[in-house]
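Protein chains in written order, with this note's numbering: chain A, 511 to 821; chain B, 511 to 821; chain C, 511 to 821; chain D, 511 to 821; chain E, 511 to 821; chain F, 511 to 821.
Bear in mind the hints are in silico, worked out from the structure with no lab data behind them. In this text, all values refer to a predicted model and were calculated from it rather than measured experimentally. Be careful, since some hints might not be right.
What the hints assert, rightly or not - Across the chosen pairs, the derived CB separations fall in these ranges:
| hint | chain 1 | residue 1 | chain 2 | residue 2 | range |
| --- | --- | --- | --- | --- | --- |
| 1 | D | Arg797 | E | Asp751 | 36 to 46 Å |
| 2 | C | Thr657 | B | Gly711 | 26 to 36 Å |
| 3 | F | Glu535 | C | Gly711 | 49 to 59 Å |
Stated by the list, open to error - Here are the computed lysine to any residue pairs in the SDA-like style, where the Cα-Cα straight-line distance is at most 25 Å:
| hint | chain 1 | residue 1 | chain 2 | residue 2 |
| --- | --- | --- | --- | --- |
| 4 | D | Lys754 | F | Gln646 |
| 5 | C | Lys749 | A | Lys749 |
| 6 | A | Lys656 | C | Gln548 |
| 7 | B | Lys699 | B | Ser557 |
| 8 | A | Lys749 | B | Glu712 |
| 9 | B | Lys699 | B | Gly753 |
| 10 | A | Lys656 | C | Met550 |
| 11 | D | Lys699 | F | Lys699 |
| 12 | E | Lys656 | F | Lys699 |
Cβ atoms here follow ideal geometry from the backbone N, Cα and C, with glycine treated the same way.
6 protein chains.
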Amino acid sequence: MDKMPLNDETPLDLEALTRALCAAESYAGVYHRPMHNQPMPSVEILSEIVERLRAVLFPGYFGHSEVTPESMRFHAGAELDVVARLLTQQVKRGFCFLCSREAENCQDCESRSRELAMLFLSRLPRIRRLLATDVQAAFVGDPAAKTPGETIFCYPSIHALTNYRIAHELNDLGVTMIPRIITEMAHSKTGIDIHPGATIGEHFFIDHGTGVVIGETTVIGRNVRLYQGVTLGAKSFPKDDSGKLIKGIPRHPIVEDDVVIYSGATILGRVTIGRGATIGGNVWLTRSVPAGARVMQSKAGNGSFEHGAGI
Amino acid sequence: MDKMPLNDETPLDLEALTRALCAAESYAGVYHRPMHNQPMPSVEILSEIVERLRAVLFPGYFGHSEVTPESMRFHAGAELDVVARLLTQQVKRGFCFLCSREAENCQDCESRSRELAMLFLSRLPRIRRLLATDVQAAFVGDPAAKTPGETIFCYPSIHALTNYRIAHELNDLGVTMIPRIITEMAHSKTGIDIHPGATIGEHFFIDHGTGVVIGETTVIGRNVRLYQGVTLGAKSFPKDDSGKLIKGIPRHPIVEDDVVIYSGATILGRVTIGRGATIGGNVWLTRSVPAGARVMQSKAGNGSFEHGAGI
Amino acid sequence: MDKMPLNDETPLDLEALTRALCAAESYAGVYHRPMHNQPMPSVEILSEIVERLRAVLFPGYFGHSEVTPESMRFHAGAELDVVARLLTQQVKRGFCFLCSREAENCQDCESRSRELAMLFLSRLPRIRRLLATDVQAAFVGDPAAKTPGETIFCYPSIHALTNYRIAHELNDLGVTMIPRIITEMAHSKTGIDIHPGATIGEHFFIDHGTGVVIGETTVIGRNVRLYQGVTLGAKSFPKDDSGKLIKGIPRHPIVEDDVVIYSGATILGRVTIGRGATIGGNVWLTRSVPAGARVMQSKAGNGSFEHGAGI
Amino acid sequence: MDKMPLNDETPLDLEALTRALCAAESYAGVYHRPMHNQPMPSVEILSEIVERLRAVLFPGYFGHSEVTPESMRFHAGAELDVVARLLTQQVKRGFCFLCSREAENCQDCESRSRELAMLFLSRLPRIRRLLATDVQAAFVGDPAAKTPGETIFCYPSIHALTNYRIAHELNDLGVTMIPRIITEMAHSKTGIDIHPGATIGEHFFIDHGTGVVIGETTVIGRNVRLYQGVTLGAKSFPKDDSGKLIKGIPRHPIVEDDVVIYSGATILGRVTIGRGATIGGNVWLTRSVPAGARVMQSKAGNGSFEHGAGI
Amino acid sequence: MDKMPLNDETPLDLEALTRALCAAESYAGVYHRPMHNQPMPSVEILSEIVERLRAVLFPGYFGHSEVTPESMRFHAGAELDVVARLLTQQVKRGFCFLCSREAENCQDCESRSRELAMLFLSRLPRIRRLLATDVQAAFVGDPAAKTPGETIFCYPSIHALTNYRIAHELNDLGVTMIPRIITEMAHSKTGIDIHPGATIGEHFFIDHGTGVVIGETTVIGRNVRLYQGVTLGAKSFPKDDSGKLIKGIPRHPIVEDDVVIYSGATILGRVTIGRGATIGGNVWLTRSVPAGARVMQSKAGNGSFEHGAGI
Amino acid sequence: MDKMPLNDETPLDLEALTRALCAAESYAGVYHRPMHNQPMPSVEILSEIVERLRAVLFPGYFGHSEVTPESMRFHAGAELDVVARLLTQQVKRGFCFLCSREAENCQDCESRSRELAMLFLSRLPRIRRLLATDVQAAFVGDPAAKTPGETIFCYPSIHALTNYRIAHELNDLGVTMIPRIITEMAHSKTGIDIHPGATIGEHFFIDHGTGVVIGETTVIGRNVRLYQGVTLGAKSFPKDDSGKLIKGIPRHPIVEDDVVIYSGATILGRVTIGRGATIGGNVWLTRSVPAGARVMQSKAGNGSFEHGAGI
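One chain only, chain A, in its complex shape (with noise of 0.2 Å):
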C-alpha cells in the first residue's frame, strides 16, 4: 500500500504521494497543531539566548571581546534587555506546544511568561557565582589545564554546565519544554545529557565528558568530579495500574560531596554515593556505597592474559 511502482516511463506521481503523505491517517501522531496561533519554540532563538547569557556570564570571553570594566555593564545590559524579550516569547511557546485545546487564558500565560522570565533573569548572579565555582573546579581538577580562562573558553565541562546551570533554574521555576531543549544542545554538541532536573552542587566537573549521562532526578552534592562515559540512571520505572510510567518520581542516585566517578562507571537507582567515596572505572552499581568507600571493578575484570592468541 506505502509503495507506488514506478518504472523508467513513470515520473514521480507528486501529487498521490502528497495526498498519501497528508491523508490524516498517514500523519496522525506526527503532525504538531499549533495551538493559540502560537508557533513552536525556536531553537536558533534559544541558542540566541543562550550564547548572549554566556556573552554576559563570562564577559571578555564571550560576546564582545574587548570589554572593559567601563564598559561591561553597558554590554551587560543591552544583552539582558534582550534576552528578556526573547525568552518571555519562548517561555510562552513552551507552555503553548503543551496546552491542551480546552485551557485558553492566554492572557495569563503572556503575563506568567514574562513574570518567569523576569525572575529566571533575577538568578543571574547566582548562577554565575556556581559557575565560577565550576572554573575552578576544571582547572585544579585537570594537570592539562594552564588557567582557569582555558577552560572557560574551550573546555566542554563548562559549556554543558552552563547550559545545564541556565536550564535548571527555567526548570525549577516551571518553565516547560525550553529548558529541555536548552540541555540538548550542550549534549549534541558536548556528548553530555544532563536533565534540567537534576540537583547538582557547586565546584561540580565533567573531564572529557562524552557519554556522561545525568538522569532527571539526580542530587549531586559539592565538589564532585565525574569522568566521561559515567552514567547517572534509573533502574526501573515503576509503573500505575494502567502500565504506564509514573513519571517524576526520584529514581536516580544521590552523590555526596567530594565524590570522584571514573570513566566508564554506571550507577542506576535512588542509591546515595557517600560523601568522599570513589567508584572506578566501569563499575556497575546498583546499591548504596558508605562514605569514604572506594569502589573498584573486580579483579577478574582487569582482564586475563592469554599469550599469542588471535582475536
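Go by the hints and put chains B, C, D, E and F onto chain A.
Frame of chain A; chains B, C, D, E and F shown alone:
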C-alpha cells in the same frame, strides 16, 4: 625532506611549499580526481534534503511551523518536488564518486538516479509509519517525556532514527555513499552511529544515545530499547586468501523483539539475543542468549569495597 | 542577595541586575581582561584555517571539488597564503591570552608568531604523509568501507586525526591555546577527544570513535587500532608540596605498534601495552601488558544468566 | 555643549557621551516608542514577502526555477500560505507604528490586519494580469529586448512595477506604511520612485528608469511609455489656514492612454496630458496638453554652436 | 472574476486562490518553462563571477587584500579556475533560456559554452589594460580624487565600467542574457545603465553617474568624459512591415575622441559628436555636431529672473 | 598579444593566462600593495559602523526596535563602545591606504586614529540635533508624509543625510578615504551623491533624491529644499602650470537659507543663490542669483506644440 628550514629572515617559501604539496607522489592517495566532470556529493545539500524530509514527515514540528491540515499538502508537495530534484542529483554524484574510469554510460546513470530518487520518495509513507511507532516507543520508554511531541522535537533518538530510516531505504535501493553521509550527520549531532545497512524494526528507542554503535549487518526486531554506549558490533573480520577483509558478510548481532540492552553493553558477532531478553549495563557478550534471558555483569563487577583508601 | 523578588507589577529592574552582574566581586574569576589590546582567539577563524588546510591536504575532497592536477597548485598556493596570515594572527592571540601583564615585548611576539606559523606550514607535507597512512588504516580496518576515498570524505576517524595532526605540530612548536581549540572542535563533532600533546604514529584508525579519550602524554606507535569508547587516561595526579597538581609529567599509557584496543576499554597510567597486544572490550587496565598479550574482560563479566527475571 | 573635548590622554568618556545621547531632550523627535508592545515593520520580512510574491506571480523566473505546470500549485500554495501569515503581521505593525496611544482596540486591529492581507491576496490574479501586459509593453517598447522573458528576469521596469502593483493594492485597501516601504525598496534598487497611491493602467513601460518620479495622486492610462528621468510631480503645495501642508489633494498629472514621455521631461501639477500625446526629452511642462500633441524643448534648447571655444 | 470576496468570517481560500493562479490562462506569458532541464541563470553566481574577476583585475583592492607580487599568481590562478567553471555553466544557462524547444543539440551547446568562457578569459589582459586607462581618466578628471587607487576602490564609474567591459566581451562573443544581467547589476548599484552592446574606447570617465544611459549601438571613442544624467539614446524605432520593432540596427550616437558631455544632456539617434566637442548640461540634441564644437543650452534656458515672486 | 587563441581542442591555458595577468607591466596601475601590513578599509565594517550609529541616533527605528527610555542607555553605550573600536581601526586603514612608503611612524598613526574616532563620537549629539531638523524638514516638505517617523524609517533623504552628516564630521577631522566610502554607500542606495566635504545647514530636505549631486566645496544654508536630479557642481577645473587639476579650491555653489531648487536644475561654479530664491526645474545656471529671485526655464523650454505629428 619535508622540512624546509626557516629563520627570522626567511619568509614563507610559498612556491616551494606549494610545489612539495602538489607533487604527484605527495597527493597520491589523498586526491580525488572527479569522474565525468561531476563534483563531490554535497554535505550541505544532503543536509537540506534531510531537513526538508523532516518537515514533510513531521508537519508542524519542522519546516513551516504553522501548517494546518488545509495547507499541509501545499507545503508537502513543494518540499517533495524540490527533494526529488536535489536527491536525483546527489544520488548521481554518489555513483560518480565510486565510478571507475572505464564505465562511462552516464546517460543510464542519470536516469537510474532519478528512478531511485522516485522510488525512495514512494517509500516515505512507510518511513513515516515506522517513525510514528518510534515516537511512541520514546514516549513510553522515558519517564521524563511529558508528551510524544517533545520526543519528536528534541530527542536525539528520533533525530537519529529519522536519518537512519531515510538512509536505510536509500541503501536498500542500491544508492551508494549518500546513505552513509546521512547517518554520519546524525552520528555527529547525537553520538548515535547506525550503519544504513542495519535492519531495525518498528517501535525502537535509544535513550540518551551517545556512544551507541549499530553495525552494518545488525538485525533488530520490534519494540527493542537501547541505552547510551551500547555496541552491536562485529567480533572478527574474516580475510580472504590474499589477506584482504571480506566485506559484506553477516557479522553483527540479531536482536529479537522486546529486548532491552542497558548502557555500555557490548554485543559482538553474529549472535542472537532472544526475544524479550534483558542485557545489563557494561556487559561484554560474544555468544547468543536465549529468549527471556537476563544477562548481568558479574557480581564482582559490581565493585569491591575498600574503606578510606586513597586512589 | 542574588534574588531580586519580582511580582506581577514589577518589571525587570535592568539597572539593578546589571549592577549586580558588573560588580567586581561578581565577575572576578569569570572575566577576561584583554592583554595588549588583543582580542580572544577566534573559534570561527580557527575553523576556517582548519577547513582551508583540509582542502590543501585532501585536494578534490574538500574545498574546490573540481581541482585537477594542473590547477591544484594555484588552489593550494592561494589557500596556504591565506592560512599563513590568519594563523600568524591566531598564534599571537593565543600567546596574548596567556600573557602576564608585565611581559610586554609584543614586537618579539609578533615575529615569533609569524615564524611559528611558517614552521608549521613547512610541516604540512609530513602531516599529509601521515594522514595518507591513516586513510589506508581506515580502509583496511573497516569491512564496511568500500573505498579509501569514502573514509576521507565521511569517516570521523580521518576528520579527528586531521585536526589532531595539525594541532599536534602546533603544540610541538610551542603554540599555546590554539592546538587545544582545534582538537576540541573535532571532539565536539566526532566525540573523539585527543589531546594535542599526545604522540601518535602512522597508520592509526579509530572506528566509530564516540567517547574515545587520548590523554596529553600518551604515546601510540604504528598501526594501532582503537574502537569507540576507549580511554587512554591518567591514573592519578601527583601534587606538589603545596597541594597543587603537578602539570606536564608523563601519566598516560604507551601503546606500542600493532596493538588493537576494543570498545569501552580503559587503560590508565604510565603503563606499556606491548607490541601486537589485543585489549578486549570494556576491560579496565592499570598495569603494563607484554607484547602479543591478549587481555579480555573476565568470564564473569561476560554475563550471568537468569531466565524470566524482571529487571 | 555637544563637544566633549578630548586630548591624547583622555579616552572616550563613554558614560558622558551615552548620557548626553540618552537625555530626553536629545532623543525627542528621533525616538520611536513602540506602541502596544509591537516592533517596527521589518524591511527584511517585507522583502521576503515581495520575493515570495514574485515567485508566485512569475513562476519559473523567480523562486523555485524548475517548476512545472504539474508542481506549480504546490509551490504557489505554499508561498501564499506563508505570505498570508507574514503579511498579516506586517500590516498590523504598520497600523501600530502610526497608532495614537489612546486607541488601543488591538483585537480589532489584529483581525482587520488579517482580513486586509486576505483581501490583498485575492487580488493577485488581477495584479498578475496587469503585469503580464507590462511585460508585453517592455518587450515591444525596447528594441534591445530579445524575448518577453528577458524583461521579466532583468528589466528594472518590471521589477519596479511588480513592487508598485503590490503596494498599490495594499494602499488601496487602507494599509499604512507597508506600501511605501515596498515601493521604496524598488526605488533603491532601480532608481524608479513610484508612490503607491498613484494609479497606473495596463501595458505600462519605463525604459532604463533611473530618476523617474511618479507622485501620489498621478493617474496614468493604458499603454503609456516613460523614459529615464521623467518626473510626474506636484507644482505647488497648498497650505491650510494654520500654514500646514494640506495632504492628500490631487496635485499630480493625469496622463491619458498611449502617451510617450521622453527622458528628463518634467510635468508638474494637476494637468492633463491628452491621449496619444508625445512629450519630448527635458521638457518642463506645467499646463495641460491636448490629445495627439507633440511637445518638444524649444529649438534654442537644442543647443547653440560655438566653434573651438574652451569651456 | 479575479476578486474572491472575503468577510470577517471567511479565512483565506488558499485552494481557490492557488487554483486561480495556476490556471494556464493566468500564468500564460509570465511562466518560464525550463528548457532541457536547465535552471535559470543565477544572479547570485553571476555576481560571484564578477567579484572574482574584480579580484583578479584589481589585485589588492578586491578579494584577498594582502596579496603580494609573489603570491599574486596563486590567487589569480585559483580565481580564474573557479570562474572558468562557473562561467561555462552560466553561459550555457543563458543559451537554454532563449532556446526554442526544437533545437536540442545540447552536447554542442555545452562545448560551445566552455569554449566561449575560455575565449572570454583570454581577453582579460586586454580588459584590464582598458580599465587601467579608465582609472587614470577618473583620477585626472575629478579634482576631488586624491589618488588613482581611491577611484578603483570606491568610484561608481570604475565599478560600472568593470561590469560593462566584462559584459561587452561576453556579448561580443555571442553570449546571450548573461551580459545584460551583468550590466544591470552595475545599473542597480550605480545608476549607470550601459548596454553591453555599446562600444567604448579607452580612458573613459563618468562622474557621479546616476541616470547615465548608453544605448546598445552607441560608439564612444577615446578619452571621453560624461557627467550624471547623460543619455546617449535612440530617437526612433523603425518598425518592419508587420509593425514590429526592427531590432539591432544602429540607432544610438557616435561620440568621437576627447568629447565632454555635461550633466543631463540628451543625445538621440545615429548622430555624430565630432572629436573634441563639448556638450553642455541639459542640452537636448538630435543632430550631429562638428569636431571642436561647443553646444550649450540656449540663453533663455539659463533662467529668467523675477524678483520676489512666489512659485 | 592579449589574445591567446583557443579552439575546441584547447582547454584553458590557466598557466599562461595567469602569467600574463601577473606580469608587473600588466598589473601596474591597478594593484594595491598594502602599506605597513595593513589591509584595505572594509566596506562591510564601515557599513556595520554606520548601521550601529543609525541605531544610536534614531533609537527604536533602527537596531533594537523595542528600546525604552529605561533601556536606551545600555543599548547606546554598547553600540558606541563597539563603534569606537571598529572606527579607530578603519580610520587607521584609511591613513595607511594613502600612506607613502617613507613615512612610517605608525605608532603615531594608531593613536591619532583613536583620538579622531573619539572626537568624532563626541560630535554625535550635534549630528543628531541636525538630523532631527532634517526630519522636520522632510515632514513639512512632503505632503505625502503622514508622520515624521515615516521619514526617518523609509525616506532616502534621511538615509543619505545621516551618512553625509557622519561622513562630513569625519572629513572635517581630517579622516581620509572613510568619509567618501560612507557617502558612496548612500549614493548607491539612494542615488543621492553628496561629497563629504560639502557644508550643509540644518533643516535640509531632498525629495525623491535620485540623481542629486552636491559637490565637494558646496555650501548650503538653513532650510533648503532640493528635488531629484539637482546638480550643485563645478563649472571648470583650473589646472596648474604642469597641466594638472588643482585640487581643493572652492568651485561649487553657495546656496543661502530658504532656497528651493526644483528637479533637474543644474547650478555650476562658485556662484551664490541668494536667500529665499527659487530655482525652477531643468534650469541650467552658471551665475549668481539675488535673494528672493525666481529663476525659471525659458518659456520656449516649456515646449512647443505640434498637433498630430509622429516623432
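_I want to verify a distance hint. Is the separation of the beta carbons of arginine 797 of chain D and aspartate 751 of chain E within 36 to 46 Å?_
holds, 39 Å
*lysine 656 of chain A and methionine 550 of chain C: Cα distance at most 25 Å?*
holds, 16 Å
*Below or equal to 25 Å on CA atoms is what counts here, so check lysine 656 of chain A against glutamine 548 of chain C.*
holds, 19 Å
*Within 25 Å, alpha carbon to alpha carbon, are lysine 656 of chain E and lysine 699 of chain F?*
holds, 24 Å
*Would you check the hint for lysine 699 of chain B and serine 557 of chain B, treating anything up to 25 Å between C-alpha atoms as holding?*
Satisfied, since the Cα-Cα distance of roughly 12 Å is no more than 25 Å.
*asked:* Next pair to validate is lysine 699 of chain B with glycine 753 of chain B; report whether the Cα-Cα distance is within 25 Å.
replied: violated, 36 Å
_Check whether the Cα positions of lysine 754 of chain D and glutamine 646 of chain F lie no farther apart than 25 Å._
Holds, because 12 Å separates the two Cα atoms, which is no more than 25 Å.
*asked:* lysine 749 of chain A and glutamate 712 of chain B were given as a pair; does the straight-line alpha-carbon distance stay at or below 25 Å?
replied: holds, 23 Å
*Per the hint of 26 to 36 Å, is the separation of the Cβ atoms of threonine 657 of chain C and glycine 711 of chain B within bounds?*
holds, 31 Å
*Assess, step by step, whether the Cα of lysine 749 of chain C is no farther than 25 Å from the Cα of lysine 749 of chain A, and give holds or violated.*
Answer violated: lysine 749 of chain C to lysine 749 of chain A is near 49 Å, above 25 Å.
*Are the Cα atoms of lysine 699 of chain D and lysine 699 of chain F separated by 25 Å or less?*
holds, 7 Å
*Taking the CB of glutamate 535 of chain F and the CB of glycine 711 of chain C, does the distance hold inside 49 to 59 Å?*
holds, 52 Å
In summary, the structure is inconsistent with hints 5 and 9 from the numbered list given earlier, while agreeing with the others.
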